[in-house]
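J.: Each chain is listed here by its residues.
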Amino acid sequence: AQKVTQAQTEISVVEKEDVTLDCVYETRDTTYYLFWYKQPPSGELVFLIRRNSFDEQNEISGRYSWNFQKSTSSFNFTITASQVVDSAVYFCALSEGQTGANNLFFGTGTRLTVIP
Amino acid sequence: EAQVTQNPRYLITVTGKKLTVTCSQNMNHEYMSWYRQDPGLGLRQIYYSMNVEVTDKGDVPEGYKVSRKEKRNFPLILESPSPNQTSLYFCASRGGQGYHEQYFGPGTRLTVT
Numbered sequence: 001a002q003k004v005t006q007a008q009t010e011i012s013v014v015e016k017e018d019v020t021l022d023c024v025y026e027t028r029d030t031t032y033y034l035f036w037y038k039q040p041p042s043g044e045l046v047f048l049i050r051r052n053s054f055d056e057q058n059e060i061s062g063r064y065s066w067n068f069q070k071s072t073s074s075f076n077f078t079i080t081a082s083q084v085v086d087s088a089v090y091f092c093a094l095s096e097g098q099t100g101a102n103n104l105f106f107g108t109g110t111r112l113t114v115i116p
Numbered sequence: 117e118a119q120v121t122q123n124p125r126y127l128i129t130v131t132g133k134k135l136t137v138t139c140s141q142n143m144n145h146e147y148m149s150w151y152r153q154d155p156g157l158g159l160r161q162i163y164y165s166m167n168v169e170v171t172d173k174g175d176v177p178e179g180y181k182v183s184r185k186e187k188r189n190f191p192l193i194l195e196s197p198s199p200n201q202t203s204l205y206f207c208a209s210r211g212g213q214g215y216h217e218q219y220f221g222p223g224t225r226l227t228v229t
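Line by line, the protein sequences are chains A and B.
Under the numbering used here, read the first sequence as residues 1 to 116, first letter to last.
Under the numbering used here, read the second sequence as residues 117 to 229, first letter to last.
Since the hints were derived computationally from the structure, they do not count as laboratory data.
Ideal placement from N, C-alpha and C gives every residue a C-beta, glycine not left out.
A few of these clues could be false.
[To be verified] Per label pair, the in silico range of CB-to-CB distance:
| hint | chain 1 | residue 1 | chain 2 | residue 2 | range |
| --- | --- | --- | --- | --- | --- |
| 1 | B | Glu186 | A | Ser73 | 38 to 44 Å |
| 2 | B | Gly132 | A | Thr31 | 43 to 49 Å |
| 3 | B | Thr136 | A | Thr78 | 39 to 45 Å |
Please put together the full structure from these sequences, using the hints given.
T.: Structure below.
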């Protein structure tokens, strides 16, 4: 069963618009971790954030913010005032267990294009 | 600089010609793994290793082999590559128990013709 769902395959926004990338996850574990990675056109995977299942506090880092809601099993990512450099594929991922999982379950990614 | 390195970064080969993609990390991490990335499928785990001489299958292990003779190295071996193994491959590592963030290498783009 797919554990991480990113329903938005592609999104295009005009520069300076806000955009939210959706992530819905599925797990039976009470302890788990959620991640967001950015993959720019150059291809590498850039770690953005990690949240654990016991901390539902939203987080803001500059223009980036994350909304974690256990009630809806969602971990959404918002970019405020988007810039062309934000154009990338963004992956949400899930790691289960307390000790450090053997696998990261990735969503299929959302390709964000920011139009100048 | 703490990093995961992979070589080669790009490789074009023919069906059946054995190849090895190397992966090395300098962070003394116990755990290492290999993923492949395909359009519309995200990243899927091929193999992982909890420590030296300890390896196990991930979600898509068919057609691949790995070995972990040294803590820093975790090569991915394709004994007889086929076109369906054309993909972007990532090596990753993390610390041992209690560590969750995986650090990814730059990726290896493999084309099998």
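J.: Identify every previously stated hint that the structure contradicts and give their numbers, smallest first.
T.: Failing hints: none at all.
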